[in-house]
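Work out the full structure: start from the sequences and follow the hints.
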Amino acid sequence: MRRTGTPIWIGEFGPMLPNLDAEPWRLQLLRDQLEIYREHDASWALWTYKDVGLQGLRTVDPASGYLTRIADVLAAKERLGVDSWGGSDAGVRDILDPIDALFDREFPDYHPWPWGRRPHIAVLVRHILLAEPLAEEWADRFRGVTPEQAAELGRDFSFARTHERTPLADLLRSHIAES
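Residue numbers (the working numbering): 1 to 179.
These aren't lab readings, by the way, just hints derived from the structure by calculation.
On a predicted model such as this, the values are computed, not experimentally measured, just so you know.
Positions of the beta carbon are idealized from the N, C-alpha and C atoms, including for glycine.
This list has only true hints and no planted wrong ones.
List of simulated lysine to any residue pairs, SDA-like, C-alpha gap at most 25 angstroms: (1) Lys50 / Gly14; (2) Lys50 / Gly11; (3) Lys77 / Pro98; (4) Lys50 / Arg155; (5) Lys50 / Trp85; (6) Lys50 / Tyr37; (7) Lys77 / Glu137; (8) Lys50 / Ile70; (9) Lys77 / Glu132; (10) Lys50 / Ala169; (11) Lys50 / Leu34; (12) Lys77 / Glu12; (13) Lys50 / Met16; (14) Lys77 / Gly91; (15) Lys50 / Glu23; (16) Lys77 / Asp89; (17) Lys77 / Leu67; (18) Lys77 / Ala150; (19) Lys50 / Ser174; (20) Lys50 / Ala131; (21) Lys50 / Leu30; (22) Lys50 / Asp72; (23) Lys77 / Asp94; (24) Lys77 / Arg161; (25) Lys77 / Pro119; (26) Lys50 / Ala139; (27) Lys77 / Phe142; (28) Lys50 / His127; (29) Lys50 / Val73; (30) Lys50 / Pro62; (31) Lys77 / Val123; (32) Lys50 / Ala22; (33) Lys77 / Asp100; (34) Lys77 / Leu130; (35) Lys77 / Phe157; (36) Lys50 / Leu20; (37) Lys77 / Pro62.
Derived CB-CB ranges, DEER-like: (38) Asp104 / Thr6: 36 to 46 angstroms; (39) Arg161 / Phe13: 23 to 33 angstroms; (40) Leu102 / Pro147: 40 to 50 angstroms.
Following this line, the structure appears as structure tokens:
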């Protein structure tokens, strides 16, 4: 790309920032990443803009009607690691380890395309088997909600009701100002 002068575009990237106070190294990693982009004159876009506290520049208020309505489901999602993006298997290693051991013993040469056995098992167990009942539980939290109530819950994602993740926003402002 450098030889031809073709622009470099890095799209759809974003750091996992679940707890900025406890894990400041995550912001430093992003700072380093953006510096590499600058050194190579690469353009980029950060996503997501708003979310429920994992990556976004703005996050829904934890005390909002939306998040309080689904708080127990979010806690279960975290415990079970059902999100393929940002989830951890730490809470379910007790069920995954025996499955991994079984495959080591019975199918040592099984390496499904494209990522191999462990990610394949994670998809089947965490992201399907454990996630499906949670999808129903999430939906149950909205059973009986009127259209007016749904609109009000949707407004919890409006700019005015979300909170800026100031350390992330400050880092990006600083990077842009230095460009």
